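Residue numbers (this note's numbering), protein chains in the order written: chain L, 21 to 301; chain D, 13 to 289.
The set of hints was computed from the structure by calculation and includes no laboratory data.
Watch out, some of these pointers could steer you wrong.
[To be verified] Listing some non-contacts, in silico: residues in chain D with all C-beta distances to chain L over 12 Å:
id, residue
1, Val54
2, Ser99
3, Asn101
4, Glu206
5, Arg224
6, Asp230
7, Glu259
8, Ile271
9, Lys282
[As the list claims (entries may be wrong)] Footprint (simulated), chain L over chain D, 3 or more residues, beta carbon under 8 Å:
id, segment
10, 111 to 118
11, 161 to 174
12, 235 to 243
13, 250 to 257
Given the structure is predicted, the values throughout are model-derived calculations rather than measurements.
Every residue gets a Cβ at the ideal spot worked out from N, C-alpha and C, and that includes glycine.
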Amino acid sequence: MKTTDNLQYVFACLATHSYIISRMRNNFDEVHKHFKLSSQDVAGLKLFMDTQGERLLTSAILMEEKRWREMLPAIKYVAAVVSKDELKSYWLEYLTSIKAVENIPVSTLSEAINFLYYILTKYTTGSLLHEIIQYEIAKNTVSAFDSIDTEKTIYPVEQLTDDDASYRVVFNPSYLIVDFNLPISKIINDLTKGRVVDSYNNKIENILFVKSRVSNIVRTISLHPVASQLLRELINCKNLKSWKQRVASGEDTYQKFLINMMDIDLVTIEQIGGEHYVYQD
Amino acid sequence: MFIKTDQCLGVGVNFRNEIGNDIIHHINEIDFIEVNTERFFVDKNNLHLDKILKKIPLVLHGLTLSVGADQPIEQTYLDNLSSTLSSVNCAWFSEHISMTSINGIEVRALMPVSFNEDSIERIVNKTKTIMSKTDKNFLLENITYYYSMPNSKMNEAAFITEVIERSDCGMLLDVNNLYVNSINHHYDPYDFLEQIPKERIVEVHLAGCDYRYDMLVDTHASQIKKEVLELFKYLCSNADIKGVVIERDSNLDSFSDLIDEVRLVRDILKKNSRARN
Numbered sequence: 021m022k023t024t025d026n027l028q029y030v031f032a033c034l035a036t037h038s039y040i041i042s043r044m045r046n047n048f049d050e051v052h053k054h055f056k057l058s059s060q061d062v063a064g065l066k067l068f069m070d071t072q073g074e075r076l077l078t079s080a081i082l083m084e085e086k087r088w089r090e091m092l093p094a095i096k097y098v099a100a101v102v103s104k105d106e107l108k109s110y111w112l113e114y115l116t117s118i119k120a121v122e123n124i125p126v127s128t129l130s131e132a133i134n135f136l137y138y139i140l141t142k143y144t145t146g147s148l149l150h151e152i153i154q155y156e157i158a159k160n161t162v163s164a165f166d167s168i169d170t171e172k173t174i175y176p177v178e179q180l181t182d183d184d185a186s187y188r189v190v191f192n193p194s195y196l197i198v199d200f201n202l203p204i205s206k207i208i209n210d211l212t213k214g215r216v217v218d219s220y221n222n223k224i225e226n227i228l229f230v231k232s233r234v235s236n237i238v239r240t241i242s243l244h245p246v247a248s249q250l251l252r253e254l255i256n257c258k259n260l261k262s263w264k265q266r267v268a269s270g271e272d273t274y275q276k277f278l279i280n281m282m283d284i285d286l287v288t289i290e291q292i293g294g295e296h297y298v299y300q301d
Numbered sequence: 013m014f015i016k017t018d019q020c021l022g023v024g025v026n027f028r029n030e031i032g033n034d035i036i037h038h039i040n041e042i043d044f045i046e047v048n049t050e051r052f053f054v055d056k057n058n059l060h061l062d063k064i065l066k067k068i069p070l071v072l073h074g075l076t077l078s079v080g081a082d083q084p085i086e087q088t089y090l091d092n093l094s095s096t097l098s099s100v101n102c103a104w105f106s107e108h109i110s111m112t113s114i115n116g117i118e119v120r121a122l123m124p125v126s127f128n129e130d131s132i133e134r135i136v137n138k139t140k141t142i143m144s145k146t147d148k149n150f151l152l153e154n155i156t157y158y159y160s161m162p163n164s165k166m167n168e169a170a171f172i173t174e175v176i177e178r179s180d181c182g183m184l185l186d187v188n189n190l191y192v193n194s195i196n197h198h199y200d201p202y203d204f205l206e207q208i209p210k211e212r213i214v215e216v217h218l219a220g221c222d223y224r225y226d227m228l229v230d231t232h233a234s235q236i237k238k239e240v241l242e243l244f245k246y247l248c249s250n251a252d253i254k255g256v257v258i259e260r261d262s263n264l265d266s267f268s269d270l271i272d273e274v275r276l277v278r279d280i281l282k283k284n285s286r287a288r289n
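Just chain D, same shape as in the assembly (with noise of 0.2 Å):
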């Protein structure tokens, strides 16, 4: 059963292995770390990593559950997941609503489902397999999509909606995503955001985005968009956030770069969520 959790974590970043050190280093400015959930399936030796969850919280973040596939869970992954979650000391943990491996075809990236009752149900029955593991709140994601997958019979925000409140369990609402795809499939982010449980939002991904082949598309290389900062604001003020992780994979040569935009962020959750209150 999903129970929101009274503490927000504040705002932290994603665990990379080239800013380890730059993590360390800022680790005051810093309010928590997400790491890849699979990491601890396989790299138990991480110095930098070891020294950063003596000093800040974690919360873990799946790549490879693939929920939408029409194929049950491996038990490998069941085991390593039960395993990791009940050695490492996680807020709560998160998945895609996506596919990463399908019939043994592992796309390395994150495919969009068909929005319709077949993918609800899938989605829904495998989520509540992981949740029977432990008593952790597990959030699912939306996530970036260039194209709908055939089959589809409903909207996105009526989709995650579904899935999230069948499942009953947590969400982690990716701002910077929500916008590439307003922007790609012609809707309004705002009309999204009025259709979806906001009262499951748990956590929040900010992230870059850049134009490519005349699409927008979610790069996690630059700064966060002026206009995924104005929905975040909006968000804050309508919805009990209790985390925020800024996502950059790459061009992270200026780490003071990334602080700046953690404060900015924790600023805009602080005023707005007092606002809200």
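Just chain L, with the same shape it has in the complex (with noise of 0.2 Å):
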């Protein structure tokens, strides 16, 4: 069981959070609420708070506006329309929410995600604000995703009609769908371009996030009702044939809608259990 903590690690801790220095500075003792220490690393941390406890206080806070600058691009249609003043009000109030001894995320997109998720419920479900979280949270996570394995087994989609039992289809791990109650596409259209987004009317819009294995490029699709349930239904189904008769629709439908999903890296199609087949241009 651990007696105490070692000095190297509460400047770790110390050098993360900038606020825990700040109080500290304001009262020493503050530090027995955060990190057991030994009486001699008590009196060293003391002397070391009363000598250079400014330039540690600097030091943390250019960390941690070094982590705002770098997260800002993460977070870009947020801050196109959350003021500056109030998104960095918000930041702060983030920083203090992690607690001493709490890592801080080990990324600027994880960095992102979290901060997101920090604000999220600052807004009414399915306000405007709301949903461009919402979608940068989506796009956020699926860019994290790190592909372990980028092998890519390719089947000529046309050669696969014989029989349908013996092919699964195998997902790209990094798609996200999310469901959103504004039209998002609209909205983030309007925010590239720099237009006033204001208010919209309600419309349900499926987003489909996908990080392609190839160019590490995340695409956003807005699915339309017909594609959504087809892939839908693809996602439960244990082979091509089952999905066929679930959808129930032309041969042409099947095979075009999965040469685009395999051309945006969705999907990947197996054999149970048989051999592999690379598909060649």
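Using the hints, put the two chains back together into the complex; each one sits in its own frame.
Structural data, given as structure tokens:
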């Protein structure tokens, strides 16, 4: 069982939490709320705070400002709608919500996701900002996905018609499908073009987010209701035959749909228990 | 064992996704590229970087080894590093004399270590572990620090000298870090250069710095200060430098400014290295 925290650990916690340093500079006893230290280390830390506390605080603030600057591109649509002062005040609130002994997010994208979740609670479900925040959470979540296995088995779809029961679809694990209550693709388009976004009529829109394992680019695709149904059935089917039975459409539709989904690197097709065919152009 | 290579790579820049295309367009102006080691641990596909690596040499620069932390190197890190070093063709690889992760706390920045014997022993042991995995030269870099860690018993130059010599590794001297530290901690950077083992300097980093909160800060966001270039010029006359990287992480809108700096630094390197010889 740990009896005391070592000083390196304490400094790591302090360096990533400027608000704890500020509190300790006002009242050194604050240290005991967060850390268990030997009397020798308490004395050493007290001396350090008296002589170099301001420098440690500045250093921690500089790191937090760097995290803020690095995060902004990942929340660009929210930043285009919420005023800079308001967003910055949320950021400072968010920083103090991370406990002294808690890790800060390990990457800029995970920081952006955490921060977006933090501010999401401040807006009513279905409101314009709520939807934009949801959009950026989804996009960053997909973007943060690291593809471990980039090997793909690609089948010529037109040759799969003989025995559909022996083929199944494997999804790119990065994908997300999110339902929005507003026409989010129009909102994002307006924001991209610098137009004023104000009010939009309620409209359910399903967006597919997927990160290409070749280009690492995240695609966002507004799903037509028919495509949405084909896709949702595909997700739940154990093989191509059962999918075709459930959606009951034409062979031409199946093929076009699968080719489109393979083009955006959403799916690959595998032979169940059989050898792998690799499509050659 | 540290053996300096004969070949000088010249002047390069650090790779960032947002300037990948610019680097490709100016590939004839850039002698080599420095890439974060950890990028190769996860990111196997980067079209820009793949193109760049077909044209110019590579050096690796790690961020997360945390050599100064009182904990062993994670086996996963060692495995990833070994795999990367055997799969990519790099001239050398480097790390910072710092802590980035301590007992599970990720700092996401470079924290200073205490300048004392315990730290030296810890870093030397880890460096030897790393070097036992490869024949490639491993370099350690001086960092910018804004406060001195408690329990420091010696000055920075003496500490770095002990670490580098006892590890028997090379040195990456960040001249901007040296200048920033000399201002913030009130010492003479030329005295520092006299104390460190210059024969072990392989690579040099140059970057911009700016005043923030009454401190000089290593921002990597502006042009190299003339004082830093003067220090670099002096160093070129006194050390056999094998490669210089200009680090720029933001304010990259005008890429041609960075290329101008590459030309300027190359000119200084050539003229002053020739004068030394």
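Query - Those earlier numbered hints the structure runs against, lowest number first - result: Violated: hints 1, 5, 6, 12 and 13.
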